[in-house]
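**Student:** Sequence:
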Amino acid sequence: MTSSRKHALVGLSGGVDSAVAALLLLEQGCRVTGVTMSVYDGPKASGRRTGGCYDCGEEEDIALAADMAAQLGIAHHIFGCAEQYRNVVLAYFRKTYLEGKTPNPCIRCNALVKFGLLPALAKEAGLEFDLFATGHYARAEYVARYGKQVLLCARDTRKDQSYFLYRLTQEQIDRALFPLGCLKKAEVRRLAAARGLPVHDKPDSQNFYAGDYAELVNARPQQGNIVTVDGTVLGSHMGYWRFTPGQRKGLGVAAKTPLYVLRIDPSRNEVVVGEYGESLRLSCIIGDMRRHIPLEQTDRVLMARLRSTPHFVPVTVDLSGDASGERCVVTFAEPQAGVAPGQSLVLYCDNVLVGGGIIGAD
RNA sequence: UGGGAUGUAGCCAAGGGGUAAGGCAACGGGUUUUGAUUCCGUCAUCCGAAGGUUCAAAUCCUUCCAUCCCAG
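If you read the first sequence in the numbering used here, its first letter stands for residue 1, the second for the next number, and so on.
Each hint should be verified, as a subset may be incorrect.
[What the hints assert, rightly or not] Each computed SDA-like pair below joins lysine to any residue, with the alpha-carbon atoms no more than 20 angstroms apart:
1. 249 with 276
2. 95 with 270
3. 6 with 142
4. 185 with 311
5. 185 with 204
6. 202 with 60
7. 95 with 342
8. 148 with 349
9. 95 with 268
10. 148 with 299
11. 185 with 207
12. 185 with 198
13. 123 with 175
FYI, nobody ran anything at the bench for these hints, they're computed from the structure.
Could you build all of it, start to finish, from the sequences and the hints given here?
**Tutor:** And the structure:
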């Protein structure tokens, strides 16, 4: 491009964050086009919605996104992604739970649908753009010492969402733009209010699905036992796929101390529980890795997140066991609770996202 | 049937004359783009039942009921 005026495609969800992202890009002088994906293809249910990604009331959000685009004076396009979403996210969600593991649909969706299919469809539709922006609280910046564009934590690490983005490819990172990366949520709302955007006080959406997860797994309820490590039966449940390691609430089992899910045994439909101490683990195997920065280039202690929470644990990573570099063993400085197969472990060096992978079954 | 023991919320469990701890579960809420974690709040007008003693009892007495264990 000869023009210095960049053209940014912005994923508008209908919420405050993406609207403010678009607003900021306009203020920076970008050409901006809004795009929204439609992913729901389930029953046209009740219409009662609480704000999930896969939500039977998504038309409302799409309409909000369109309104927002109109208010900002930018073009807006809607792309149907339901079929792919079903194949890529929902099928994965169901399969993972049935394997006795815990899926993370947001990570999968970001890499394959939101940052994958959506811009691809936009390109197919003839839209030209240099950048793809979203309202995520994260940063994508060129870092000289690594010689490329990398993902970084948002300034406000409490709100940081880079965890959900670690599976992006280098090309996706190269054109990614996160206008909210240096802002706090309150500032974003203030900006929206100042610009008169009606979504300025819209509650955050924080669910992937507003209904009963078991509906998505779509498995027939099946009674099984809740057992201790030594096999003592403490109670029963209606399907192992309703549980995740580390879970405490919802077991329905009374004991001296709180009990946590230690592991799940799909073949016996058993949920193994134990005390907090029994749930601690010092290491785990990571598979299906995505590596953004070679570990040799990191000279500081690596920190890991085992969940999207702001909690970081110092770790050491051993890649020696696997030549392909897709697997490694991660050892924690302190024993960790809630290490759940299927969940992602994401590595950071300072604020830079180094890579990550999926926690294995053992 | 004889001997022993126990009966406090859904579960476990303190309190042994002065007006029902605590834990677990459950429920409600906060945090959270994963129903995890975490945090906050609520949860026995009543202590197996009926009488009695006392200013006052879940706590003492009596009887009854239930359950468990050991005998036979």
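**Student:** With reference to the structure, classify each hint as holding or not holding.
**Tutor:** Each hint tested on the structure:
1. With a C-alpha separation of about 13 angstroms, the suggested pair residue 249 and residue 276 falls inside the 20 angstroms cut-off, and the hint holds.
2. Distance check on the hinted pair: residue 95 and residue 270 sit about 17 angstroms apart at the alpha-carbon level, within 20 angstroms; holds.
3. Between residue 6 and residue 142, the direct Cα distance comes to roughly 17 angstroms. Compliance with the 20 angstroms bound is thereby established for this hinted pair.
4. Annotation: proposed proximity of residue 185 to residue 311 holds, straight-line Cα distance about 19 angstroms (limit 20 angstroms).
5. In summary, the hint linking residue 185 to residue 204 is supported, as the alpha carbons are separated by about 10 angstroms, within the 20 angstroms threshold.
6. Simply put, residue 202 and residue 60 have alpha-carbon atoms about 13 angstroms apart, close enough for the 20 angstroms limit, and the pair holds.
7. Distance hint between residue 95 and residue 342 is fulfilled; the C-alpha atoms sit about 11 angstroms from each other, no more than 20 angstroms.
8. Pair hint residue 148 plus residue 349 holds up; C-alpha atoms about 15 angstroms apart against a cutoff of 20 angstroms.
9. The straight-line distance between the Cα atoms of residue 95 and residue 268 is roughly 17 angstroms, inside the 20 angstroms bound, and the hint therefore holds.
10. Among the hinted pairs, residue 148 with residue 299 is consistent with the structure: their alpha-carbon atoms are about 17 angstroms apart, no more than 20 angstroms.
11. Annotation: proposed proximity of residue 185 to residue 207 holds, straight-line Cα distance about 18 angstroms (limit 20 angstroms).
12. For the hint pairing residue 185 with residue 198, the CA-to-CA distance comes to about 16 angstroms; that is within 20 angstroms, so the pair holds.
13. A hinted pair counts as satisfied when its Cα atoms are at most 20 angstroms apart, and residue 123 with residue 175 qualifies at roughly 13 angstroms.
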